[in-house]
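Engineer: Letter by letter, the chains look like this.
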Amino acid sequence: DTEVTQTPKHLVMGMTNKKSLKCEQHMGHRAMYWYKQKAKKPPELMFVYSYEKLSINESVPSRFSPECPNSSLLNLHLHALQPEDSALYLCASSQVGGTEAFFGQGTRLTVV
Amino acid sequence: DQQVKQNSPSLSVQEGRISILNCDYTNSMFDYFLWYKKYPAEGPTFLISISSIKDKNEDGRFTVFLNKSAKHLSLHIVPSQPGDSAVYFCAASAGNYQLIWGAGTKLIIKP
Numbered sequence: 020d021t022e023v024t025q026t027p028k029h030l031v032m033g034m035t036n037k038k039s040l041k042c043e044q045h046m047g048h049r050a051m052y053w054y055k056q057k058a059k060k061p062p063e064l065m066f067v068y069s070y071e072k073l074s075i076n077e078s079v080p081s082r083f084s085p086e087c088p089n090s091s092l093l094n095l096h097l098h099a100l101q102p103e104d105s106a107l108y109l110c111a112s113s114q115v116g117g118t119e120a121f122f123g124q125g126t127r128l129t130v131v
Numbered sequence: 006d007q008q009v010k011q012n013s014p015s016l017s018v019q020e021g022r023i024s025i026l027n028c029d030y031t032n033s034m035f036d037y038f039l040w041y042k043k044y045p046a047e048g049p050t051f052l053i054s055i056s057s058i059k060d061k062n063e064d065g066r067f068t069v070f071l072n073k074s075a076k077h078l079s080l081h082i083v084p085s086q087p088g089d090s091a092v093y094f095c096a097a098s099a100g101n102y103q104l105i106w107g108a109g110t111k112l113i114i115k116p
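Residue numbers (my numbering), protein chains in the order written: chain A, 20 to 131; chain B, 6 to 116.
These aren't lab readings, by the way, just hints derived from the structure by calculation. As the structure is a computational prediction, the values presented were derived from the model and not from experiment. The C-beta atom is built at its ideal place from N, Cα and C for all residues, glycine as well. Hints are not guaranteed to be accurate.
Distance ranges between label pairs, derived from CB positions [to be verified]: (1) LYS59(B) - THR35(A): 48 to 54 Å; (2) PRO88(A) - GLY100(B): 23 to 29 Å; (3) ILE23(B) - SER81(A): 30 to 36 Å; (4) HIS98(A) - LYS115(B): 44 to 50 Å.
Covered stretches of chain A, as calculated for chain B (at least 3 residues, CB under 8 Å) [claimed, not checked]: (5) 55-63; (6) 69-83; (7) 119-127.
The following block holds chain B by itself, in its conformation from the complex (with noise of 0.2 Å):
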């Protein structure tokens, strides 16, 4: 039973556009949701996170969004550069140093 789903196993974006990743979460239990970037062969990057308690958060050309009611969230990057092309990671606690994590979409940035 999937708790976190990023259904995109891949995305496509042209450079200097806006990339969109999305995740979606079952369990309402969850109170803090994270966003990791991962290059082949490296550890995962932590790049973002947002607390139940807000529905938005920014740092730089990173902002993520938090739909409670629809259980959403979603990594906005802009604009989209080349070093970009990773995998993504979504990931999800509800304490106890667990994290949830989604499959990962593998974003392209196209020049």
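Chain A on its own, in the form it takes in the complex (with noise of 0.2 Å):
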């Protein structure tokens, strides 16, 4: 069982539509993560937050928005996505500081 749960597990949307994805975790970290996989890749990194501060951004464009409303929930809101975008979006948590990050599930993206 994760400890770290995203919702919804797969998604399909269109290039005009707004969606969110959502992440909680249990796991009492106070870092939250935001990756992108590509299949056959390895995760790309998007968005850190640390004490719910968004503390890194790789440069992502702005499409993508995220959300920290508390300690236990990361959403991240989707807007006018391209098809380029479709991929495994995982979460992850860990220790403020901590390397041994924890992902959740992932979510299964299309954009059509």
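Please assemble the complex out of the two chains, which come individually in their own frames, going by the hints.
Structural biologist: This is the structure in structure tokens:
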């Protein structure tokens, strides 16, 4: 059982849609991450939140908008995505300053 | 410029034997190394890690060895089991939440 839960597991959206990915962790971690993973590639870091504040944005396009409402929740708001944004989106959490990140099961996103 | 390299895209091992997965790195500032296991369409699962001040860390069937002078680490799985079939990623950290990932090695355990 993963202690980092992501919803939905699968999402198909059109290029004009607005949708949100959700992540919840019950590990007491204060650092949370969004990663993007394409097939046969390693995960790519998108955003890092530390103590609910955005600390790293890896030059991600503004059509991806992260939000951290509290220490357990992390959202990724999606708007006007492109087909090339189709990927597995992974949420992770860790201790602040820690390196062992624990991942959720991911959301498989398809943009049509 | 790949700072973390896993040169074997795939590895096939007989069940019960030892699996050895290798990883090389170029940045001497890396101070922590991790191995993750990933099944298709799932998130990576943390397996084992090692600090640069150690040369070995063991957890059950999994042992990671670090050779700092060679900038090389390896993951040993013994004995290998069918459930170990997955893609294994090596990752390195120099702090600040950034993990630098290798390209992954697909491990296939043959019955």
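Engineer: With reference to the structure, classify each hint as holding or not holding.
Structural biologist: We went through each hint and held it up to the structure:
1. LYS59(B) - THR35(A): 48 to 54 Å: holds (52 Å)
2. PRO88(A) - GLY100(B): 23 to 29 Å: The hint (23 to 29 Å, Cβ to Cβ) holds, given that PRO88(A) and GLY100(B) are roughly 27 Å apart.
3. ILE23(B) - SER81(A): 30 to 36 Å: Violated - the Cβ-Cβ distance for ILE23(B) and SER81(A), about 49 Å, lies outside 30 to 36 Å.
4. HIS98(A) - LYS115(B): 44 to 50 Å: Distance hint for HIS98(A), LYS115(B) holds at roughly 47 Å.
5. 55-63: Our answer is that it holds, as 4 residues pass the Cβ test (under 8 Å) against chain B, meeting three.
6. 69-83: Answer holds; 3 residues pass the 8 Å Cβ test.
7. 119-127: holds (count 8)
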